[in-house]
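Trainee: Taken in order, these protein sequences are the chains called Z and S.
Converting from the first sequence to this note's numbering requires adding 58 to each position, the first position being numbered 1.
Converting from the second sequence to this note's numbering requires adding 89 to each position, the first position being numbered 1.
One or more hints might be untrue.
Computed spacing ranges between beta-carbons, pair by pair [to be verified]:
#, chain 1, residue 1, chain 2, residue 2, range
1, Z, Gly220, S, Val166, 13 to 23 angstroms
2, S, Leu136, Z, Gln244, 55 to 65 angstroms
3, S, Ser198, Z, Ser73, 35 to 45 angstroms
4, Z, Ser73, S, Ser156, 20 to 30 angstroms
5, S, Ser156, Z, Gly220, 37 to 47 angstroms
6, S, Leu136, Z, Asn255, 50 to 60 angstroms
7, S, Pro230, Z, Glu177, 47 to 57 angstroms
8, S, Pro185, Z, Asn255, 42 to 52 angstroms
9, S, Asn222, Z, Glu177, 31 to 41 angstroms
10, Z, Ala149, S, Asn243, 15 to 25 angstroms
11, Z, Phe236, S, Ser226, 18 to 28 angstroms
12, Z, Asp159, S, Gly170, 45 to 55 angstroms
13, S, Tyr151, Z, His153, 48 to 58 angstroms
A short list of chain Z residues far from chain S (calculated; beta carbon distances all over 10 angstroms) [claimed, not checked]:
#, residue
14, Cys72
15, His86
16, Pro87
17, Val89
18, Ser105
19, Asp114
20, Asn147
21, Val167
22, Ser171
23, Glu179
24, Gly193
25, Ala218
Think about it this way: if two alpha-carbon atoms lie no more than 35 angstroms apart in a straight line, the pair counts; the simulated DSBU-like pairs of lysine-lysine are [unchecked claim]:
#, chain 1, residue 1, chain 2, residue 2
26, Z, Lys111, Z, Lys84
27, Z, Lys84, S, Lys131
28, S, Lys112, Z, Lys79
29, S, Lys165, Z, Lys84
30, Z, Lys141, Z, Lys79
Calculated directly from the structure, the hints in this document are not laboratory data.
Predicted model, so just to flag it, every value in this text is computed and none were measured.
Glycine is no exception: its CB is placed at the ideal position from the N, C-alpha and C atoms.
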Amino acid sequence: MNKAQLIELVQINCSGGRVSKDVHGKYHPLVLERYIELAYSSLLVGSYEKNPKNIDLYQKVYPSVSFTFDKTRGMHYSELPAKLVELPNQAAIVHVGPQKDHNYGFAPVSSGSGPIFGELEVNLIDDVPEYIVEGTNIYYPNITDDYNPVLMKLIPVFSAFGRLDTIYMPKGQDTALFGIVNQLMQSLKITPEDLNNDNNSKQV
Amino acid sequence: MNDLLVLYNYIEYIVNKAQRGLKLGPKQYNLLLPIASFEHFKKKYNLPEQFQPGMPFSQEAYEIVQSNIDSMSRFKVFMGGDDIPLAVVNGKATLPADYMHVSNIGSFSYPEGGSQGVHVNPVEILNDNLWYNRLGSSINPPSIEYPVVRFMNNYMEVLPIDIKTIDFTYLRKPNTPNFVYTVDPTTFELTYNQAASTQLDWDEIDVIDIASIILSKVAENLRSQELLAYAEKIKRDGI
Numbered sequence: 059m060n061k062a063q064l065i066e067l068v069q070i071n072c073s074g075g076r077v078s079k080d081v082h083g084k085y086h087p088l089v090l091e092r093y094i095e096l097a098y099s100s101l102l103v104g105s106y107e108k109n110p111k112n113i114d115l116y117q118k119v120y121p122s123v124s125f126t127f128d129k130t131r132g133m134h135y136s137e138l139p140a141k142l143v144e145l146p147n148q149a150a151i152v153h154v155g156p157q158k159d160h161n162y163g164f165a166p167v168s169s170g171s172g173p174i175f176g177e178l179e180v181n182l183i184d185d186v187p188e189y190i191v192e193g194t195n196i197y198y199p200n201i202t203d204d205y206n207p208v209l210m211k212l213i214p215v216f217s218a219f220g221r222l223d224t225i226y227m228p229k230g231q232d233t234a235l236f237g238i239v240n241q242l243m244q245s246l247k248i249t250p251e252d253l254n255n256d257n258n259s260k261q262v
Numbered sequence: 090m091n092d093l094l095v096l097y098n099y100i101e102y103i104v105n106k107a108q109r110g111l112k113l114g115p116k117q118y119n120l121l122l123p124i125a126s127f128e129h130f131k132k133k134y135n136l137p138e139q140f141q142p143g144m145p146f147s148q149e150a151y152e153i154v155q156s157n158i159d160s161m162s163r164f165k166v167f168m169g170g171d172d173i174p175l176a177v178v179n180g181k182a183t184l185p186a187d188y189m190h191v192s193n194i195g196s197f198s199y200p201e202g203g204s205q206g207v208h209v210n211p212v213e214i215l216n217d218n219l220w221y222n223r224l225g226s227s228i229n230p231p232s233i234e235y236p237v238v239r240f241m242n243n244y245m246e247v248l249p250i251d252i253k254t255i256d257f258t259y260l261r262k263p264n265t266p267n268f269v270y271t272v273d274p275t276t277f278e279l280t281y282n283q284a285a286s287t288q289l290d291w292d293e294i295d296v297i298d299i300a301s302i303i304l305s306k307v308a309e310n311l312r313s314q315e316l317l318a319y320a321e322k323i324k325r326d327g328i
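Produce the entire structure from the sequences given, and follow the hints as far as they go.
Mentor: Quick look at the structure:
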């Protein structure tokens, strides 16, 4: 199922079968997308904690992420091309490496480990580019311009997928997604929309 | 029945059933025809008078059942497809002169450079109560894929402003019926001019209901409780 179909299916489910133009406004696709995103991320985290090897299907490849030089920090950096699912140990960043050589990947380094690695001899003899994740950016302490742009394999949140991108769900969790979304949307369902423009937030 | 003379004769027949000289003149007939037509249109679209607080539902509403769709579809005007869509200039779309009620609005876009085909976008109709909240929304603000409109005085405000055309389906106003006739000055005989007349803009089935509306108004005018009761019975029972 692709992303657009999944959102539409939730919309159909919420509206009791047919999506009229009025219902389309109440269960807006972009709002549903956010609800599905919460459910999707939660299921992915659960699946990862059970078996960390089963994450290949959920990744999206960003083949040309360019980096620029941050003069203040004295390092190259890229903006992450998508918001990521918050998996433990930054597992949502599956691979960062050169655009063409898939057998070669940059080395992940934790943000606070710079002072320690900097003092080790291995840091002097090993020229594998490293990357450090800082919020929505990735810094490269020892990269050269030859690697620009880089390839990233990431596990993004639901909203980062394109309309027609196929969405894979953790094994056996397809229907669980609907359960979670329904649960999250309970208040939307039971509270009728107040369309009366009467300066009164309560329903008449 | 869908001829003004037949309808006139029918009304005359009912009105004059007591043969006491109760009569509907052609001038009064011409006065009542457009009012009855609009009243019937109002009933077919929906009657706010039947709404309950917090429940804006009437017994009959636009496109609620197939018979309503059959009655109202003759008033549908589609601006889009092979016809010219409604132009939007700087976020404003002027409502057509014969506009009565909106039926549906849509737009088309070509996301991601057209690589994913045409995206059909239902245009959401907002009222003023929702307008600025949606404009300032961080989740679903107006976008090419999810445009919004609100109705203003004789135009619609359309956002985002990049939208240049919309597919607009609306209900036009019914024609104003006109019973054209001449009266012989000697014999006072009425001669109907069918070619010059403007007929009612409704199916034959609906003309029965319009006849009842006219009859009840004539009954009020003639102070005939009997006729009023008869007209109201037809309106209530449908036949």
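Trainee: Given a hint of 31 to 41 angstroms, does the C-beta separation of S/Asn222 and Z/Glu177 actually sit inside it?
Mentor: violated (55 angstroms)
Trainee: Taking the Cβ atom of Z/Gly220 and the Cβ atom of S/Val166, is their distance within the range 13 to 23 angstroms?
Mentor: Given a distance of about 36 angstroms, which is not inside 13 to 23 angstroms, the answer is violated.
Trainee: Given the hint of 15 to 25 angstroms, is the C-beta distance from Z/Ala149 to S/Asn243 inside that range or not?
Mentor: Violated: the Cβ-Cβ distance is about 58 angstroms, outside 15 to 25 angstroms.
Trainee: Z/Glu179: least C-beta distance to chain S exceeds 10 angstroms?
Mentor: With a cut-off of 10 angstroms, Z/Glu179 remains clear of chain S, as the shortest Cβ separation is near 49 angstroms.
Trainee: How does the Cβ-Cβ distance of Z/Asp159 and S/Gly170 compare with 45 to 55 angstroms: does it lie in that range?
Mentor: holds (51 angstroms)
Trainee: Tell me if the straight-line CA distance from S/Lys165 to Z/Lys84 falls inside 35 angstroms.
Mentor: The given pair, whose Cα atoms are some 26 angstroms apart, holds under the 35 angstroms limit.
Trainee: Kindly confirm whether 20 to 30 angstroms is satisfied by the beta carbon distance between Z/Ser73 and S/Ser156.
Mentor: holds (25 angstroms)
Trainee: Does the beta carbon distance between S/Tyr151 and Z/His153 stay inside 48 to 58 angstroms, or does it fall outside?
Mentor: holds (56 angstroms)
Trainee: S/Ser198 and Z/Ser73, beta-carbon distance inside 35 to 45 angstroms?
Mentor: Given range 35 to 45 angstroms: violated, Cβ gap about 23 angstroms.
Trainee: Hinted pair, alpha-carbon criterion (35 angstroms max): Z/Lys84, S/Lys131. Please report holds or violated.
Mentor: Answer holds: Z/Lys84 to S/Lys131 is near 27 angstroms, not above 35 angstroms.
Trainee: Is the straight-line distance between the alpha-carbon of Z/Lys141 and that of Z/Lys79 35 angstroms or less?
Mentor: holds (31 angstroms)
Trainee: That 47 to 57 angstroms hint for S/Pro230 and Z/Glu177 (C-beta), does it hold up?
Mentor: holds (50 angstroms)
In this structure, the earlier hints numbered 1, 2, 3, 6, 8, 9, 10, 15, 16, 17, 26 and 28 are contradicted, and the remaining ones agree with it.
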